[in-house]
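Below are the chains, spelled out letter by letter.
Protein chains: 2
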Amino acid sequence: MPETKPPTAAVLVIGDEILSGRTKDKNIGFIADTLTDVGIDLEEVRIVADREDAIVEAVRALSAKYDVLLTTGGIGPTHDDITADCVAKAFGVPIGHHPEAVAILQANWKKRNIVPNEARLRMARIPEGAELIPNVVSAAPGFRIGNVYVMAGVPAIMQAMMDEVVKRLPVSQPLISETIEAGRGEGDIAVAAAKVQADNPAVRIGSYPYHDGNGFVTRLVLRSRDAAALAEARRAMSEALAGL
Amino acid sequence: MPETKPPTAAVLVIGDEILSGRTKDKNIGFIADTLTDVGIDLEEVRIVADREDAIVEAVRALSAKYDVLLTTGGIGPTHDDITADCVAKAFGVPIGHHPEAVAILQANWKKRNIVPNEARLRMARIPEGAELIPNVVSAAPGFRIGNVYVMAGVPAIMQAMMDEVVKRLPVSQPLISETIEAGRGEGDIAVAAAKVQADNPAVRIGSYPYHDGNGFVTRLVLRSRDAAALAEARRAMSEALAGL
Numbered sequence: 001m002p003e004t005k006p007p008t009a010a011v012l013v014i015g016d017e018i019l020s021g022r023t024k025d026k027n028i029g030f031i032a033d034t035l036t037d038v039g040i041d042l043e044e045v046r047i048v049a050d051r052e053d054a055i056v057e058a059v060r061a062l063s064a065k066y067d068v069l070l071t072t073g074g075i076g077p078t079h080d081d082i083t084a085d086c087v088a089k090a091f092g093v094p095i096g097h098h099p100e101a102v103a104i105l106q107a108n109w110k111k112r113n114i115v116p117n118e119a120r121l122r123m124a125r126i127p128e129g130a131e132l133i134p135n136v137v138s139a140a141p142g143f144r145i146g147n148v149y150v151m152a153g154v155p156a157i158m159q160a161m162m163d164e165v166v167k168r169l170p171v172s173q174p175l176i177s178e179t180i181e182a183g184r185g186e187g188d189i190a191v192a193a194a195k196v197q198a199d200n201p202a203v204r205i206g207s208y209p210y211h212d213g214n215g216f217v218t219r220l221v222l223r224s225r226d227a228a229a230l231a232e233a234r235r236a237m238s239e240a241l242a243g244l
Numbered sequence: 001m002p003e004t005k006p007p008t009a010a011v012l013v014i015g016d017e018i019l020s021g022r023t024k025d026k027n028i029g030f031i032a033d034t035l036t037d038v039g040i041d042l043e044e045v046r047i048v049a050d051r052e053d054a055i056v057e058a059v060r061a062l063s064a065k066y067d068v069l070l071t072t073g074g075i076g077p078t079h080d081d082i083t084a085d086c087v088a089k090a091f092g093v094p095i096g097h098h099p100e101a102v103a104i105l106q107a108n109w110k111k112r113n114i115v116p117n118e119a120r121l122r123m124a125r126i127p128e129g130a131e132l133i134p135n136v137v138s139a140a141p142g143f144r145i146g147n148v149y150v151m152a153g154v155p156a157i158m159q160a161m162m163d164e165v166v167k168r169l170p171v172s173q174p175l176i177s178e179t180i181e182a183g184r185g186e187g188d189i190a191v192a193a194a195k196v197q198a199d200n201p202a203v204r205i206g207s208y209p210y211h212d213g214n215g216f217v218t219r220l221v222l223r224s225r226d227a228a229a230l231a232e233a234r235r236a237m238s239e240a241l242a243g244l
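Here the protein sequences come in this chain order: G and V. Numbered by this note's numbering, the letters in the first sequence go through residues 1 to 244 in order. Numbered by this note's numbering, the letters in the second sequence go through residues 1 to 244 in order.
This is chain G alone, in the form it adopts within the complex:
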């Protein structure tokens, strides 16, 4: 892409609960911030219900019109999670259980003593030809097919997936990142992390709690387009964590 014309993006939020007002969307603002950081122009957002016709139509229209389409929601285990099927239909490809996704889910269930069932296995249904997007929070992966990136709707999971998606986006100025496994829970490190964020405005610091099988721990992801600023923020964060 020429530097003068940044890539364009759209977001598609899928879920009856947003349209009814029961759940308030927290993903649009986060994705908007992230895309701005990496120099991609978010040009349109749509929210649609968990209805096949609405999802298929929106996926087709938005993926044709913009360079990138990001979706959130509808990839869980229940009957109304139909996003993967709808994306397959929009691309005209079959869908089935993805062997790597099945293996990821089974390993996670074993570690956490969760009994596999058919509903949970639905989360391994991935359109043919798609690439998996890792999910460090709850294992069940998202996926990319063509220019469409399919993520979970739960904000903590979506944010962790977005870190992976960002690496794959057609950014004009590549974003670099550093990951710090902080060990402790978010409550223990929040004050230190907020200070390092305030002192390092050229770096965006994401904090993602996840369960490591024993308890909740925190992964910090530092992102910047400035290598020196990133190195300094990493140093400051490591020092702050060591001092806790």
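Among the hints, erroneous ones may be present.
Claimed, not checked - Here are the simulated lysine to any residue pairs, SDA-like style, with alpha carbons at most 20 Å apart:
#1 G:Lys-26 x V:Glu-17
#2 V:Lys-24 x G:Lys-89
#3 V:Lys-26 x V:Glu-164
#4 V:Lys-24 x G:Lys-111
#5 V:Lys-65 x G:Arg-60
#6 G:Lys-65 x G:Lys-89
#7 G:Lys-111 x G:Ser-20
#8 V:Lys-89 x V:Ile-104
#9 G:Lys-26 x V:Thr-23
#10 V:Lys-65 x G:Ser-20
#11 G:Lys-24 x V:Pro-155
#12 V:Lys-65 x G:Asp-16
#13 V:Lys-24 x G:Ile-205
No wet-lab data here; the hints were simulated from the structure. From a predicted model like this one, the values you see are computed outputs, not experimental measurements.
Place chain V on chain G using the hints.
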């Protein structure tokens, strides 16, 4: 409308600042809640930039597809507030200074010692044939043309306009409301209002601060589809306010 099929609605949020992430949308959830309260199905939301082609296309598509379209944003005094012009274009009608809107603005400016200027007068530009939507917070009105209701983007103003819009919507079960002028500022009445809201779940209580020329006061709007519940909430609120 037959009772078995509720009216359908879409929301169009207009504004670069939402897409860039600088401003986080607070209107979608509020409108979703309100429409659910009055028995209207919100089926789609779109967010587009302050660009004529994007706004005109979205207004045309959504007003044709759904019974009602509600828009927020882009009706202020600056050069990038182009919603009224775009709605006029979408409907193929001329736009000009609406005499009633001009009078409303001039009366408000006089009361608040604000000097009129060309930019402020832009807020009186209304498409031909449109009906004004009152704005108790900051005077500059919204408007309705056909099935499209055009509201401000500032949440406090949008919420006050939404109270007026709701009265005009094709609800299957009509919503009844009571207005209480609480006099004092929001901070003085918030605890009492929250208690009355908690005790009266069948009634939704909206709190709208506005400037009456001397200082900020609060208008409370109580809405319900249940007349007895509404009367009881009104009684409880009046009692609570009298006890302050």
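Decide if the proposed pair is consistent with the structure: Lys-26 of chain G and Glu-17 of chain V, CA atoms, cutoff 20 Å inclusive.
holds, 16 Å
20 Å limit on alpha-carbon distance, applied to hinted pair Lys-24 of chain G and Pro-155 of chain V
holds, 15 Å
When you check the alpha-carbon spacing of Lys-26 of chain V and Glu-164 of chain V, does it fall within 20 Å?
holds, 19 Å
Holds or violated: Lys-24 of chain V and Lys-89 of chain G, Cα atoms, limit 20 Å.
violated, 32 Å
Hey, Lys-65 of chain V versus Arg-60 of chain G, does the alpha-carbon distance stay inside 20 Å?
holds, 18 Å
Would the pair Lys-24 of chain V and Ile-205 of chain G pass a check requiring their Cα atoms to be no farther apart than 20 Å?
holds, 19 Å
Pair hint Lys-26 of chain G and Thr-23 of chain V, alpha-carbon separation not exceeding 20 Å:
holds, 13 Å
For a C-alpha distance cap of 20 Å, please report whether Lys-65 of chain G and Lys-89 of chain G respect it.
holds, 18 Å
Pair hint outcome, Lys-65 of chain V versus Ser-20 of chain G [Cα-Cα no greater than 20 Å]
Answer holds: Lys-65 of chain V to Ser-20 of chain G is near 19 Å, not above 20 Å.
Verify the proposed pairing of Lys-89 of chain V with Ile-104 of chain V, using a straight-line Cα cut of 20 Å.
The given pair, whose Cα atoms are some 25 Å apart, is violated under the 20 Å limit.
Hinted pair, alpha-carbon criterion (20 Å max): Lys-65 of chain V, Asp-16 of chain G. Please report holds or violated.
With a Cα-Cα distance of about 18 Å, the restraint between Lys-65 of chain V and Asp-16 of chain G holds, given a limit of 20 Å.
Take a quick look at whether Lys-111 of chain G and Ser-20 of chain G sit within 20 Å of each other, Cα to Cα.
violated, 36 Å
Checked against the numbered hints above, the structure violates hints 2, 4, 7, 8; every other hint is satisfied.
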